[in-house]
Amino acid sequence: MKRLKVFSLLMSITLIASLLLTGCGQPQGAPQNTTAATTVAQGSTAAPAESTIDLSQEVKITGYLLGAAPAGFNDVMKALNDKLKKDLNATMEINYIGWSDMQSKYPLVLAAGENIDWIFTAPWSFYPQQAAKGAFMEITPEILQTYMPKHWSAIKDTTAMQEAQINGKVYMVTTASPDKKVPSFMYREDLRVKYGVPEIKKFSDIEPYLAAIKKNEKGMIPLNLESNYDLGTPFGALNVEAYDQLKDPLMVTGGGSGLAYKPFDGDGKLYYTTNDPEIAPINITNAKKIKSWYDAGYINKNAFANKVRSKDSFVQGKSGVGFGNSMDLQGNIAQAEAAGFKVGVVPVVGGKSGKYMADPYINNGFAIAAKSQNWQRTLMAMDLIDEDPTYENLVYYGIEGVNYVKTADGKIGLPEGLTADKNTYPPDAAGFWFTNKNLHLPLTTWTQSYIDLYNRIPDLLGVDPLAAFSPNTDNIKTEAANCNQTLTQYSNPIALGAVKDVDAAYKQLDSKLKAAGIDKIYTELSKQISDYLSSKK
Amino acid sequence: MKLSGKAAGFFHEIVRNKVLYIMFLPLALFYILFAYIPMGGIIVAFKDFNYQGGILFSPWNGFDNFRFFFASGKAWQVTTNTIMYNVTFLAVYTLFSIMVAIMISEMSNKHFKKLSQSFMFLPYFISWVVVSAFVYNLFNYDYGLINNILKTFGQQPVDIYSNPGYWYLLLPVMYLWKWVGFGSVLYLAAISGIDQECYEAATIDGCNAFQKITRITIPLLKPTMIMLILLGIGRILRGEFDMFYNLIGNNGLLMDATDIIDTLVFRSLMGTQDFGMASAAGFYQSVLCFVVIMVVNSIVRKVDSESALF
Amino acid sequence: MRKAKDQIAFAAISYFVVGIIALFTLFPFIILIVNSFASENSIINNGYTIIPKQISFDAYSLVFRSPETILRAYGVTLFITIVGTTISLLIASMAAYVMYRKDVKYRNGLAFFIYFTTLFNGGLASYYIILSSVYHLKNTLLVLLLVPMFSAMNILILRNFIRGSIPDSLNESAKIDGAGDFTIYLRIILPLSKPALASIGLFTALGYWNDWWTPMMFVEKQKLFPLQYVLYNIISSVNISSNVVANASSVVLPQESLKLALTVISTVPILLAYPFVQKYFVKGITLGSVKG
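Protein chains in written order, with numbering that gives the first Met the number 0: chain C, 0 to 536; chain U, 0 to 309; chain F, 0 to 291.
Honestly, the hints are just simulated from the structure, not real lab data. Bear in mind that the values here come from a model prediction, so they are computed numbers and not experimental data. All clues given are correct.
Facing chain C, from chain U, some residues (calculated, C-beta under 10 Å): (1) 64; (2) 66; (3) 68; (4) 70; (5) 73; (6) 131; (7) 132; (8) 142; (9) 156; (10) 158; (11) 258; (12) 265; (13) 267; (14) 273.
Each residue gets a CB set at the ideal place from its N, CA and C atoms; glycine is no exception.
Kindly generate the complete structure, drawing on both the sequences and the hints.
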């Protein structure tokens with residue numbers, strides 16, 4: 000058809016034009032890295048690093064954090080920039096990437112590369128994927144020594160740099176203070192006593208409590224689970240306590256690969272969770288137990304559609320148990336106690352080791368964009384933000400006197416007349432989670448039960464030698480995608496107890512995973528893991 | 000140099016209607032800048048995208064990015080689901096929109112007309128996030144409103160979240176609820192364009208109300224109806240992602256019945272952030288939509304050339 | 000005049016059917032409004048109820064905590080909606096007219112040119128990179144105006160409306176009277192297309208009003224945030240605050256009620272404007288001009 004011919008000619012022209020244009024739009028990543036290398040070479044030969052750094056040019060730094068700007072953000076930024084201008088002749092502008100847009104916007108912001116110096120990153124915030132794609136600048140110990148001396152001294156004797164390695168190079172600046180937290184659950188101590196239920200020391204003890212709640216508290220669902228975080232948590236907790244923690248190397252909430260290794264064994268051997276002779280029977284037993292709870296009405300039938308987390312409905316008296324971790328439960332504990340409930344909190348740790356994996360150093364951090372023009376000044380500014388208390392308090396707690404005050408006994412509290420819900424800059428809300436928390440003071444609002452838990456935690460933490468291992472999925476991306484969606488579809492109902500026949504469901508899951516290519520992932524990742532471990536020796 | 004016949008015809012046409020083609024120019028410019036130039040990015044579907052290379056220089060990887068979709072074992076299932084749901088939605092939407100539009104246009108009570116029209120528009124503003132919370136409140140097994148009522152009357156509660164069957168009815172109803180306001184406005188506007196004199200002539204000839212509708216309104220609505228149906232068919236492979244994602248979420252019990260291409264792709268790529276694979280899935284949908292609409296449009300064009308889309 | 004029996008029967012059916020549908024669409028919205036004034040505790044405890052157990056203005060006071068931001072956002076949204084819709088209607092109706100004219104040889108090619116863009120697209124990455132790095136449209140009012148401006152579907156619908164309501168003879172008689180193409184468009188087509196322009200204009204305006212995707216992708220400067228995006232951010236930051244580690248609030252922040260309040264806030268202005276547009280959907284226009 001004539002029309003189609005003319006049309007296809009026009010199309011080809013515009014296609015070519017578009018390719019050329021996008022080519023123009025793509026800055027080169029490689030030259031940046033050589034610049035960094037040459038600057039470092041110069042920097043390391045100069046003895047006192049600061050005196051050779053030229054601050055005469057005013058510089059504007061652009062950074063990206065996750066979440067959304069709290070209400071008081073503009074005032075805090077103004078104060079921050081006043082300080083930065085004085086100390087470093089620089090100003091900073093921070094933009095936010097919303098949680099719901101992370102999937103789409105995070106990679107785009109880096110791909111376009113416009114105006115970006117630093118960005119928050121972590122393994123759960125696409126660090127391995129983006130580093131592998133060349134989005135970040137390489138960070139060497141020399142660079143840190145020169146431009147982030149305070150931070151360097153805080154991390155140089157830790158495993159931080161090692162954990163951050165991707166293919167032998169480091170691409171992010173980790174936090175100096177990884178979060179010390181353990182998954183935990185809370186229950187109603189007042190009700191436990193009231194109905195004569197024996198003490199609850201671990202999650203596997205919980206069944207009598209659930210039965211008592213079901214029988215006596217009509218308005219409360221013993222396990223009122225939400226569709227995302229809570230769904231697999233009871234099942235997971237039973238498994239962890241039964242043998243020990245298992246970690247999926249391709250972990251995604253509600254998905255993954257179906258393979259796992261045992262962090263505390265240290266050898267990185269991979270197991271098939273669906274048919275391994277040691278692990279699978281335990282999983283199946285626990286799945287049957289969960290199913291019995293589901294059938295007995297201890298679990299809400301439609302958890303898949305419930306968007307209210309158990310720890311929030313716990314506070315309302317609608318759930319007998321609330322799940323979270325030892326840190327984020329803190330607010331809920333305070334709320335529950337304010338409502339007159341007595342709350343018991345129990346950390347969930349491995350049955351054999353008595354421990355849980357510690358968060359790695361890379362769990363919070365930031366990276367320098369490969370195309371950043373002002374990475375030196377950026378690093379220097381971040382050094383102050385990370386390690387200088389006056390900066391830290393500012394970005395973390397807000398403006399002294401307005402958002403927080405320091406009490407006589409060395410704690411952080413709210414100023415007279417301000418209640419927590421009216422605080423325009425709540426702690427942690429701004430997204431600066433990589434600052435050195437070891438320098439933080441305790442909050443006045445921490446309840447005793449929270450403090451007790453907080454103090455117990457360090458003893459419960461163990462180190463996972465593979466904590467910072469990031470798998471390279473280039474050769475298995477098809478299989479990874481398919482195993483992920485297979486698990487989401489078939490394993491979640493098992494974890495909830497909503498399947499008709501647990502044995503049959505496991506067989507089905509197993510065969511579907513095989514069809515999705517789990518064997519190929521097993522071979523590929525086993526090799527990567529053993530290479531990783533031997534390289535660390 | 001003498002221009003060949005075809006080129007000469009082309010220029011002759013442009014010159015003859017130059018005012019009209021100039022009037023079309025602003026729109027054409029917009030589409031070139033914002034649609035055709037970015038369209039080059041479609042090659043990402045065949046590349047192993049990395050930032051150093053960008054769109055132009057990332058290495059080619061043939062059909063690798065397409066593999067995950069076809070190896071999932073669900074490609075056929077989600078494709079048929081997508082088509083089936085879209086066809087149902089289109090049919091129900093068209094039927095009810097026309098019916099409501101005709102009824103409203105015949106009404107004499109102005110207040111009723113205006114009010115009912117405004118009310119029907121409200122669902123457009125309610126996001127699927129909020130709708131899913133509503134549905135949960137209504138239907139959840141343990142304390143949903145509907146189940147409370149059923150229990151009061153001694154009936155068994157329904158568990159819609161564990162049984163896919165309900166959704167074959169629920170989804171079209173909800174789709175209709177959301178869009179009937181929109182659809183009826185479109186057909187109402189078309190009805191408003193019908194010359195009143197036709198109706199007056201019909202009354203003189205002794206037609207009753209029903210006959211006026213079947214003999215005048217509906218035939219004159221045919222072009223609009225065909226066009227809207229064609230437009231709907233052109234999107235037959237693209238699912239209503241928001242709706243399915245918020246209502247079904249990661250409910251594995253319902254997925255075989257309610258998974259569409261868009262939700263499957265989203266779930267599969269959640270961990271990987273791979274532009275190439277996402278682009279490949281989009282390409283698959285585009286190609287199928289293209290084939291379908293080209294075929295259907297040419298059939299329509301043979302029957303009645305003025306009703307075709309292009 | 001005596002109403003014929005069939006007319007009464009038809010009217011009865013109409014009022015009944017349309018009434019049911021209208022109620023079906025209205026009822027959830029009422030529940031929504033009512034529960035936006037319910038306290039968060041009440042919603043978690045009792046779900047959505049017809050009469051909230053506990054009334055609270057928390058959700059609204061949270062939104063309007065910094066009224067300047069909201070007012071500014073309303074301003075931005077109003078501007079882009081009015082300006083964007085006007086420009087869009089003008090350019091789109093011109094193009095629709097061109098495609099409607101039977102003497103335009105390539106009119107189907109033009110229609111295909113537009114329609115093709117709904118079939119294939121280059122993906123998000125390419126779109127984003129080109130608009131931000133090549134056209135430098137980030138953080139401009141222009142990007143908020145341009146991205147949602149045209150929908151191929153709307154333009155083709157406009158073309159069809161014009162076909163359905165304006166007979167060719169009108170064009171010919173105007174040409175005989177010596178009018179140029181543009182004049183015909185301006186003096187004849189536009190005035191006679193009021194229902195079409197009203198409905199497509201409504202859809203375009205709604206598109207602008209509800210657009211949060213464009214600012215999410217392309218705008219980072221707070222002063223350019225339109226209404227939907229500001230509301231979207233409020234809910235995100237509340238979601239974070241509730242899950243935040245060190246937040247020791249013993250007061251439960253409104254989350255569920257907040258979602259509802261946000262819907263109400265963004266819908267009410269449009270609802271107030273809708274009746275004004277409705278009058279264009281009046282049945283029938285008499286094309287007396289064709290005769291004679």
